[in-house]
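Protein chains in written order, with this note's numbering: chain C, 1 to 696; chain G, 1001 to 1120.
Among the clues, some could well be false.
Said to hold, decoys possible - Taking lysine to any residue pairs in the SDA-like style, the calculated list, with each CA pair at most 20 Å apart, reads:
no.: 1; chain 1: C; residue 1: K571; chain 2: G; residue 2: D1012
no.: 2; chain 1: C; residue 1: K645; chain 2: G; residue 2: H1038
no.: 3; chain 1: C; residue 1: K323; chain 2: C; residue 2: Y336
No lab work stands behind these hints, which were simulated from the structure alone.
What follows is each chain in one-letter form.
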Amino acid sequence: MKTTSEVITGRGELLRGTLDTGKMMLYSSDVATGFTVRSSNSMRILGVAPEGTTEEWQRILFNEDLPYVENAVRSLTPAEPTFEVEYRIRHPLSGQVFWILDRGEAEFDPAGKMVRIRGAIVEISRRVRAETEMRETTRFQSIAFEAARMGAWHFDVWTGRLTCSEELLALLEMKREEFGGTAEAFDRVVHPDDIEAWRAALNASPDRGRTVDKEFRAILPRSGMRWFLCRAETQYRPDGAVIDCYGIIIDITERKSAEDAAARLAVIVMSSDDAIISSNRNNIITSWNHGAERILGYLADEIIGQHISRIVPNDIWPAENEKLEQVGHGVPIPAYESRRQHRDGRKLEMSVSISPIRNNAGTVVGASTIALDLTDSLREAEIRRESETRLRQALAAAKAGAFDYNFTTQESRWSPEMFALHGLNPDKDAPSFDTIMAQISPEHELRVRTELSSALAQGRQFVLDFPITRRDGTEIWMAITGDIQKDAMGVATHARGISQDISERKEWDRRQALLLRELSHRVKNSMAVIQSVTRQTLRSTSDPKAFAEAFEGRIQSLATSHSLLTEVDWKGVRLTDLIKLQAGAMADNFDKRFTLEGQEVLLPAETATQLGLVLHELGTNATKYGSLSVQKGKVILAWKTSHGKLRLTWRERGGPPLHEPPSRQGFGTALINSSAISVNRRFDPAGLTCRLSLAI
Amino acid sequence: MMNGARILVVEDEPLIAMELSQIIEDQGGVVAAVRSRHEALEIAMTNVFDAAILDVRLPDGTVFDVATHLQAGGVPFMFCTADSENPQLVSAWPGVTVVSKPHNSNIILSSLQKLLTTHT
């Protein structure tokens, strides 16, 4: 049997153990005096003595929490005497802060005055901490949700009830009161085409996967159309029945538009006419667009994964590799002209630019190569070359070369034809005005230099012509035609023009001059002949009337021979024509008066003129004094040719008898004597016989 | 007065040759007239002349080798030509009298006189 004291002690022990285990302290305070009695564990648990005052307790109580505690105590009434407050105290010895739960009851006297407070204090720091953490977590979650434009929902499969977070409602710009707690509530904002997708996301079913993502559009009152992702997680019981379905909604509009932009960019890249190729840091091709397929011949499937050197001609790979290394260091390579190798081995001229590709962290992870097919621009260059060729051909046909002198750089550029004209080698000889001056004939140099400097000074067109002697000794005449180009300020910038071989023209000019000289020579010669005829005629007659008659006849004779010669282009005159026109000019009836015996002979030009004049004189004399001066007189002309000589006999018959040769030597005689015609004249009473012999 | 001076006339135009001969003979000269380069060379080699009048252009070429031959033999000569602009004439025979056709007889005679007196 236990004694009462033992029982009391036993109960005390039990209480003490309970208090210690629960870290609970009991207390009782007298409101009037403030005297407080605490359980014996008070010192251990909270660092306060078992006996003390209310003031002493208030000292360790957190100042910030004191008003709250006092307020709680003050508000106690006999009807509501219990209280429960949580506040912080600072351990008087260790300075440690504890959260405590103070739960108690006030005792009132019959007058309603509070006389005593009794209660228990439990240390709740750990719980408070957990709660705070929980709150913090919730708060952070909310912030995170908001920042991520994310909201949470829960769908009770059994009741069909949908609950959602504030963030979700905010995301869908919906007030809580508008939200009735069912999936249909969202039909108002979800894009009509996407309602099914949205419902499907919520509609958990046993045969679908744990996580389901669905994208849908919503038309929001303020933001307009937004894209959302609904991610649903379904929890299943082991037997496959659905327990629960919950998930989140994320605003993915930005990502979507970024995706759209990326997609558009990808389309642009893929459809580009230019080859766009990406490669990684190991120079392995990672992408290959249609342009690359078209230009370089490889399909994306066969080239992706290959080393990029596959499309670079071997001879330039070292240089290209160096460029790729530069790009690897983040240095972009601006467009440069290079070559790439087609699948069929052809080398293509391309404009290539290479840029580094960086990841989000900014690290270079590869290179993007953009290669423009230069074939088109090459084609243009070809057309330019063609027209240049045509110009060249034109210049060559004109035996012309082109030159361009730049006043600023003082450099001359010559076309290949210009070099050829001067017999120079474009690879060895420097094109310059001095080069030309080295070939010029010395007597022309000063004139050409003077003409050129005056043209340059006046800034006008110039034409210089002069003969040059080329290196191989050939001589040609050059004509340089040029003009001065000026800039906007009027300063001469270029002298451009062509240089031509005018040797042919010069030769023609020379012939023309020769012809003119020849003409001049002949005219002057004819005048000299007329002069001689005049003087000779004057010698034989002093009578003006006789002079005029004889002179006119002789001039007439010369003119006749001249006409005959002109008719046959100075090739030869028929003897019979000459006789008829010269000797028979004055006969009234040539055919009756003249008898011609001999074969036709063609007389050369000089002989014709002389013989013509001789025949004229013979005819004139016969008409005046000989056989033709009487009615029945005749002239018999007989000729033969042998050994290049013409022997011709002039025999007059039926004329007046001749008694002696004429006393004075007339013109005809003198002429006959001085010409190449050897003459043998014989006078007999029957008439004159004259034998002529001349070379033909 | 030429007093029997022997004059060679080389002239292919008979009328002019005749006229030149006459004016020289009128002055007492003795004329040998030929009509070609070939004849002129032949006669110059076989005869001695005191002076010569040479036409430049002859049927068988120019008279220049005749002139060279005469010069070598110390025979003074003059040209009488309608081709007085012949560049060879001007450049190759400096100091040689050139009478241009149509000619003035007095100039022919005075020039001839000058040739004769200078060389005697």
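_Tell me the hint numbers this structure goes against, listed in increasing order._
Going through the list in order, the structure violates no hint and respects every one.
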